[in-house]
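K.L.:
Residue numbers (the working numbering), protein chains in the order written: chain A, 1 to 303; chain B, 1001 to 1215; chain C, 2001 to 2476.
Rather than coming from a laboratory, the hints here were simulated on the basis of the structure. Computed from a prediction, not measured in an experiment: that's the story for all the values here. Don't take each hint at face value.
[Claimed, not checked] Pulled from the structure, derived: some chain B residues nowhere near chain A, Cβ distances all over 10 Å: (1) His1055; (2) Leu1057; (3) Leu1070; (4) Trp1073; (5) Leu1074; (6) Val1092; (7) Val1105; (8) Leu1138.
[Unchecked claim] Beta-carbon label-pair distances, calculated as ranges: (9) C:Val2201 to B:Val1142: 15 to 25 Å; (10) B:Val1142 to C:Arg2286: 25 to 35 Å; (11) A:Leu280 to C:Ala2407: 51 to 61 Å; (12) A:Tyr101 to B:Val1142: 53 to 63 Å; (13) C:Gly2188 to B:Gly1002: 35 to 45 Å; (14) B:Gly1114 to C:Gly2475: 25 to 35 Å; (15) A:Gly152 to C:Val2201: 34 to 44 Å; (16) B:Val1142 to A:Leu280: 21 to 31 Å; (17) A:Ala53 to B:Val1142: 53 to 63 Å; (18) B:Gly1114 to C:Ala2283: 43 to 53 Å; (19) A:Gly32 to B:Leu1091: 50 to 60 Å; (20) C:Val2201 to A:Ala31: 50 to 60 Å.
In this text, a Cβ means the ideal position worked out from N, Cα and C, and glycines have one as well.
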Amino acid sequence: MILRALFQIGILLVLPPFLLGVVNRVKAIFAGRQGPPLLQLYFDVWKLLQKGAVYSRTTTWVFRAGPIVGLAAVATAGTMLPVAGQPALFTFAGDFVLFAYLLALARFATALAALDTGSSFEGMGAAREVSFASMAEPALFLVLVVMARATGSLSLSGMLGPALAPAWRAAAPALLLSAIALFVVALAENSRIPVDDPNTHLELTMIHEVMVLDHSGPDLAFILYGASLKFFLFGALFVRLVADAGIAGIWAAEAVFVVELIGFAILVGVVESVMARLRLTRVPQMLVGASVLSVFALVLLLR
Amino acid sequence: MGAWTDMAFILVVVLDLFLLASSRLGAAIRAVALQGALLSLLALLLTGSGHSVGHMLVVAGGAFFIKAVLIPWLMFRAIREMAIRREMEPLVGYVPSMILGGVGVVLSFAFSRGLPLPTNEMHPFLVPTALATVWTGLLLVVSRRKAVTQVLGFLVLENGVFVFGLLLTDFMPVMVEAGVLLDLLAAVFVMGIVMFQINREFASLDTDALSSLKD
Amino acid sequence: MILLVILVPFTLGAVAFAWPDNRTRPALLVAGAIVHVLGIASLWIQPEGPVMNGYLFLDAAGKVVLTTSSVLFLASAVYAQGYLRHRSDRDNRVFVGGLLVLLSAMTTVGMAQHLGVLWVAIEITTLATAPLIYFNHNPRSLEAAWKYLLVSSLGIALALLGTFFLALSGAGPDGPKSLLLGDLIRAGPQLSQPWVRAAFVFLLVGYGTKMGLAPLHSWKPDAYGEAPGLLGALLAGGITNFAFLSVVRVLQVTTAAGEGAFARDALLGLGLLSMALAAVFMAGQRDFKRMLAYSSVEHMGILAVALGLGGSAVTGAFYHVLNNGLAKGVLFLTAGNIHRAYGSKRIDDVRGAARRLPVSGPLFLAGFLAVTGTPPFSPFWSEFMILNGAIASGRYLVAGLFLLFLAVIFIGMGATVLHVVQGSDEGAPVVPGFRETWLTAGPPLLLMLAVLALGLWLPRPLMGLFTAAARLVTGA
């Protein structure tokens, strides 16, 4: 039992940077490049942790707290997410609300830190980030409510646990619609391509990356690592929802889960490669579309 | 079988929502074509014990040919000749029209439970899908400026009516249904001619140019 | 004979499309109109039973509307000879063919006893007229045609949905499972009431759009304003009357199903709204053809009010169908003449029409007097009957509003008409080469005489027909 818990924490903490490496490799293959090593993000984080940080004199403690709070919130959220159908480390009725709000807290901390720099550029990024988040959040909540309704459980562990398979048999259309909505939300929340481009640093169109320009050293490492963790969380949620392999053995299930996550990373890489970035004005449209889809899913369930 | 029918209905509704959000005319025409194809598929899927199979084949084949092949082809020709790609500045923005569409979907799914069907219910999604599609069509017609998009809205409206008509296939004679499809074709055909003329007269297909007549 | 009056105009329409000569083609219109009038006359003398499995049958209500349109079409066909000769620069292939197809479709509406057939025929009338509105090939007429097509098609699509609802209402275990009028009425209370109610709403919106009831009238001023005068006559005195007939059919079923009170209230509301709106827009109208369009909105409103009142007012409604049809013929045909004599339809340009057009000018004035319900012309009597019905049933408020709107419309319309007809025409624009001929002035004159004659003496068989038609609706 302890061993399994340790293993779960291990996956949660170790795997995320690798997933982003997979995404980048897929994009590189599509672009005909060789691309960075799969483990590049580990190297980056390690390198940044060795360095000192530079702080502008105009910033306050809020700026320094941002990355730490952000990483802590995301990591705490991760402990509530069941891995491979096994119950999470913490689970209680209604934990999905806390899960969503911990993610929101991370964003709040990052946005505050960005505002604290006093730079208008970062302020703009923060404004964009929170205004899009205000549209992505309803979609995320609706998806979670659909899952709660379909499985009759109020905890993430219950929603993504054994009750999921019968729910698929009973309400496949609704779950499929919410899976699509969840994928859209995942792309938006992780600043992936149709919404935001994680690779740009000097374009006025970027959203998330703008906010972290002033961070350096260990702070930047926390942010990069936190971002990969968030990607992992959405990936885990998504693959669990759509690909419940139903494998009996715990260890086999864990292995399949890791493979599925890599599949998710490849899917995101493909989407990023074949789609163009949306105009900024079209992003709300996509997010509202995701919300409308999940409302539709909910209506189908409530009938 | 049942799951496929479910998915087909839901896809029809999702296409409605997509149409409300899309500004690219090519994508919108494709969506309408796909919707037409789904309708003919539904006509086949819903062939139950009470229906004559031959009749349903005629309806489904006719619907597929007109709704999924002929009309999209005409529409594509129209936009190619007039070199327009996008709907610019709709009267009601994309986000509000999507929300309105979503409200329509929710209401039609919620209310149609209360409507007592005098006949045996073919499928629980049929009536709400029809109502939601009619609503979408109306919304598109009144909220868009381009003549092509308005015609697309009209087609979606007709699609909704067609879905509803599936309920009646056991006692409506083929003649009337053929008339329905033919009228649809004729309507779009004439509209196409008129649109061509609008283009020639105004050098654009913006119905805003059509506003010299008012009180 | 029933099939003949439908098929002959249709065939002639096809012939018109193939006819090579632009100058002689309009004669086909007269040929079709004469065959049609003779056919309808023979159906008067020798009524026929249902044909085509009961899908087609000429009952009293259909006979009223069809007779009106037949006479009106004959007048328009003769008028068209003069008009199209004057407009010989234009290819009239589509115009002549379209009018004949329209005649055929209208006849089908008049005789349809099956709601599906009725719907198809109504849709054909829309498709046949849309290109005709575009006859002048200018941006304004294009705009009018586009609006007409789009708004009518939308209405017609909703009407189809309503028809489906109605079919569904009779799909229960003991339902008729049919769209034949007779079956539906016989089934009456067995129809599923919520669906009948929903069907009525959609059908009223659908066919009401075609009738041009407010607030669904937006196509009307544009279409009437831009179409040639004779098409305006056929729209205002023909097609809208057939849309009214379609509403009557729906009301027959709705009443039989026990939802009559709800339906009549809806009609009454829409009718009064139409009259009010027409009164507002007619005052100060600077374009005399658009003014006629609002007059058409008003009269469709009167018909809807009459249906909504029920009882003896319904008899008046059918009487009014005939009167309004003929009077609208006079107004639109003479308005067409005035329009062409001045090259303008703005009252800023047009004055002294009585002087320049010694027949059409005074006829326009007389037509105005008739259509606003001035005695001794026949619309006075039908409007009086409707008003009487309102008072007899104790609807004093409706009667009061009815009178008020009529008075306001009389004043508003009178100001425009008098401005056009009176005074001297000096300084007004002149179109060289236009002269009134017997072909263009004769038909409205004869229609006017008919309106006058019907006002002085109503033949007993006609009154019997109106009563019989009303009995179909009220069931009394």
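K.L.:
So, for every hint listed, does it hold in this structure?
P.N.:
To see whether the hints hold, each was checked on the structure:
1. His1055: Holds, since 28 Å exceeds 10 Å.
2. Leu1057: Per Cβ check, leucine 1057 of chain B is outside 10 Å of chain A; nearest 27 Å; holds.
3. Leu1070: holds, 30 Å
4. Trp1073: Check passes; 27 Å lies beyond 10 Å.
5. Leu1074: Since the minimum Cβ distance to chain A is about 28 Å, leucine 1074 of chain B lies beyond 10 Å and the statement holds.
6. Val1092: With a cut-off of 10 Å, valine 1092 of chain B remains clear of chain A, as the shortest Cβ separation is near 13 Å.
7. Val1105: violated, 6 Å
8. Leu1138: At about 17 Å from chain A, leucine 1138 of chain B clears the 10 Å cut-off, so the statement holds.
9. C:Val2201 to B:Val1142: 15 to 25 Å: For valine 1142 of chain B against valine 2201 of chain C, whose Cβ atoms are near 18 Å apart, the range 15 to 25 Å holds.
10. B:Val1142 to C:Arg2286: 25 to 35 Å: holds, 28 Å
11. A:Leu280 to C:Ala2407: 51 to 61 Å: At 59 Å between Cβs, range holds.
12. A:Tyr101 to B:Val1142: 53 to 63 Å: violated, 40 Å
13. C:Gly2188 to B:Gly1002: 35 to 45 Å: Roughly 37 Å apart at Cβ, these two residues keep to the hinted range, so it holds.
14. B:Gly1114 to C:Gly2475: 25 to 35 Å: Distance hint for glycine 1114 of chain B, glycine 2475 of chain C holds at roughly 31 Å.
15. A:Gly152 to C:Val2201: 34 to 44 Å: holds, 40 Å
16. B:Val1142 to A:Leu280: 21 to 31 Å: holds, 28 Å
17. A:Ala53 to B:Val1142: 53 to 63 Å: Given about 57 Å between the Cβ atoms, the range holds.
18. B:Gly1114 to C:Ala2283: 43 to 53 Å: Since glycine 1114 of chain B and alanine 2283 of chain C have Cβ atoms about 46 Å apart, the given range 43 to 53 Å holds.
19. A:Gly32 to B:Leu1091: 50 to 60 Å: Distance hint for glycine 32 of chain A, leucine 1091 of chain B is violated at roughly 44 Å.
20. C:Val2201 to A:Ala31: 50 to 60 Å: holds, 58 Å
Hints 7, 12 and 19 from the list above are not met by this structure, while the remaining hints are.
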